[in-house]
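Given the sequences, and given the hints that come with them, work out the whole structure.
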Amino acid sequence: MPESNKKIKILLVDDDELIRIYFRDVFWIHGLEYKHELLLANNIKKAEEIINNEETRPQIIFLDLVMPIERDGKIITTPEAGLETLKKIKSDPKTKNIKVIVFSGHKDEKFQEEAKRLGAESYLIKGDNLPKELAGFVEKIALEI
Amino acid sequence: MESIIKLENVNLWYDKGMPSEVWALKNTSMEIKKGEYVAFFGPSGCGKTTLLYTISGIEKATDGKIFINNRDISQFSRKELAIYRQIGVGIVFQQFNLIPSLSVLDNVSLPMAFLGVSQTKREIEALKLLDRLGIKDLANRYPYELSGGQQQRVGIARALANNPPIIVADEPLGNLDSVNAQKVLEFLKELNEKDGRTIIMVTHEAWSLKDAKRIFYMKDGAIIKTEESKAATVAESVSEHFYKELSPQLTSSEVTARALSNLLLRGYSTNEIKRFEFFLTQRFADYIDSETFRRVLDRPYQDGGIGLWKQKAKKMADYVNEIIENKKTVEEIYKELEKNPESPLIVEIEKVCAWLLQDYRGKISNIQKIRLNEIIGERLRSIIDAEQFHKIINLSQTKFGIGFSFRTSQKVSERLEAILKNENHGQLSI
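Line by line, the protein sequences are chains A and B. Note that the working numbering has the first sequence beginning at 1, numbered continuously upward. Note that the working numbering has the second sequence beginning at 146, numbered continuously upward.
In case anyone wonders, no lab produced these hints; they're calculated from the structure. On a predicted model such as this, the values are computed, not experimentally measured, just so you know. From the three backbone atoms N, C-alpha and C, an ideal C-beta is built for every residue, glycine too. Any given hint could be a false lead.
Unchecked claim - Derived pair list, reagent style BS3-like, types lysine-lysine, alpha-carbon separation capped at 25 Å: (1) A/K107 x B/K266; (2) A/K132 x B/K273; (3) A/K35 x B/K178; (4) A/K116 x A/K88; (5) A/K140 x B/K266; (6) B/K266 x A/K132; (7) A/K132 x B/K556; (8) A/K126 x B/K266; (9) B/K266 x A/K110; (10) A/K132 x B/K179; (11) A/K140 x B/K339; (12) A/K132 x B/K281; (13) B/K179 x A/K35; (14) B/K179 x A/K140; (15) B/K473 x B/K556; (16) B/K536 x B/K514; (17) B/K178 x A/K46; (18) A/K132 x B/K514; (19) A/K126 x B/K273; (20) B/K536 x A/K132; (21) B/K266 x A/K116; (22) B/K205 x B/K266; (23) A/K7 x B/K179.
Stated by the list, open to error - One-sided excerpt, in silico: chain B residues whose CB lies under 8 Å from chain A: (24) I228; (25) I232; (26) L260; (27) E270; (28) L272; (29) S292; (30) N307.
Shown next as structure tokens:
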């Protein structure tokens, strides 16, 4: 087992509590938490704090698309929230090497193409993975770090 | 190996503080390693199912800690427990618990639907599981169209749906005949050995413990003993928990053991006879050897034995050895009869006859002996039944019987039936 300071940091950004619990439990049940450190953010602001802090900056991000975001003083929920965050990460020299996997319920090819264009490593559809497959995917990506 | 399940001082009360309060789990501490196959064994109401459901996140402990992969689930919220139940454990129930209005495919898919898995993906995965269980052809049927064995296989497929590392089986054999029960046991073993899953089986049937590597003995809500499972030690230690209710489909060993226990321990208490019956079953199934059997018979009752005198224990163990030997002879006879129904089997029948008369102190004429051999042959060929056999050997020679006293007739008849029990002789066409 790697020492804790050598664990790969993986951040999940999702406003759905059940998805956060599910993701955490997949780590727990399938033994990933021994190898990697899972960080959770329930909104974009919290995610940015984690990403911009060198101490907590993850090497891998699982990013939901449809999340609340502030627009003209109002909170709206839109896929643009995730895409904008992805764009920020990939355009900042300090964070552009972070592997970003879009983790979304949207199957729409338009979003998949846009995510790819913005530099996402992969696009994972939430309903297409069983727990063990998700764990396997995390392992595979972590090996590339 | 690291532990996957660890309990520390877990207590569970039902209706605490009320007149109906029950202390269902008492200061329970235990540890199960990853990839182990264990069993919780004990009589009905001992708390084994409560313990299983507590580990599975269905029952909530009153106090204590329940670590799964080093995380204490006793502190989990309802949402957290709901997800743990979906991905951490797969449960196989005694009553199958299938949803009657859903097809087999939909029943197996259901746990995946709870996780938001898409319908296409669910169907692909469910069909894979049904294929693995050998029931892919039943995908579109409904539970009421299936046999008990088929329903339990659907139940196992459903338990595997989200690929959980822990499989718990709550009396999974209780509603199955012996053939299907055996299949389920084989499959649980495969899940353990091939997939590396941790298996916990709850049972009150000693014979189903054979694949478990460790057994937790439970009584009155507490684990009173944990033991590495070796055939002999299971048999020797299981007696005090023995409340075995034999299933309608008994094995050959069980049938013989039941018949003989009442015969050999006449005058003993029901508990002594039941305990004896259990060890006899183990002996017939060859799970324990003659020496272990003799020791159990000799051991005081309060220490888990039968409490016979040394000499009687030895005599009884020897007698059981003879039965085992003679059962082999009978098996050979049936094999021969299957090949050639007209085979006279003179030597084999004489062997059985000599054993039946081993303790007979009276004289027997040549005519009586020839006649007795004929009657034994007729009984072996199922031309006559046990009752007719008993009657004929008790009849006087003038009425073409053997002329044995009632007591001798009974003894000889019982001995013969002891080695015939559950043999396939009723189906021979002679």
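Hints and how they fare:
{"no.": "1", "hint": "A/K107 x B/K266", "verdict": "14 Å, holds"}
{"no.": "2", "hint": "A/K132 x B/K273", "verdict": "15 Å, holds"}
{"no.": "3", "hint": "A/K35 x B/K178", "verdict": "19 Å, holds"}
{"no.": "4", "hint": "A/K116 x A/K88", "verdict": "14 Å, holds"}
{"no.": "5", "hint": "A/K140 x B/K266", "verdict": "21 Å, holds"}
{"no.": "6", "hint": "B/K266 x A/K132", "verdict": "14 Å, holds"}
{"no.": "7", "hint": "A/K132 x B/K556", "verdict": "63 Å, violated"}
{"no.": "8", "hint": "A/K126 x B/K266", "verdict": "11 Å, holds"}
{"no.": "9", "hint": "B/K266 x A/K110", "verdict": "22 Å, holds"}
{"no.": "10", "hint": "A/K132 x B/K179", "verdict": "16 Å, holds"}
{"no.": "11", "hint": "A/K140 x B/K339", "verdict": "23 Å, holds"}
{"no.": "12", "hint": "A/K132 x B/K281", "verdict": "23 Å, holds"}
{"no.": "13", "hint": "B/K179 x A/K35", "verdict": "17 Å, holds"}
{"no.": "14", "hint": "B/K179 x A/K140", "verdict": "23 Å, holds"}
{"no.": "15", "hint": "B/K473 x B/K556", "verdict": "20 Å, holds"}
{"no.": "16", "hint": "B/K536 x B/K514", "verdict": "16 Å, holds"}
{"no.": "17", "hint": "B/K178 x A/K46", "verdict": "38 Å, violated"}
{"no.": "18", "hint": "A/K132 x B/K514", "verdict": "72 Å, violated"}
{"no.": "19", "hint": "A/K126 x B/K273", "verdict": "20 Å, holds"}
{"no.": "20", "hint": "B/K536 x A/K132", "verdict": "68 Å, violated"}
{"no.": "21", "hint": "B/K266 x A/K116", "verdict": "24 Å, holds"}
{"no.": "22", "hint": "B/K205 x B/K266", "verdict": "33 Å, violated"}
{"no.": "23", "hint": "A/K7 x B/K179", "verdict": "23 Å, holds"}
{"no.": "24", "hint": "I228", "verdict": "5 Å, holds"}
{"no.": "25", "hint": "I232", "verdict": "5 Å, holds"}
{"no.": "26", "hint": "L260", "verdict": "7 Å, holds"}
{"no.": "27", "hint": "E270", "verdict": "6 Å, holds"}
{"no.": "28", "hint": "L272", "verdict": "14 Å, violated"}
{"no.": "29", "hint": "S292", "verdict": "29 Å, violated"}
{"no.": "30", "hint": "N307", "verdict": "6 Å, holds"}
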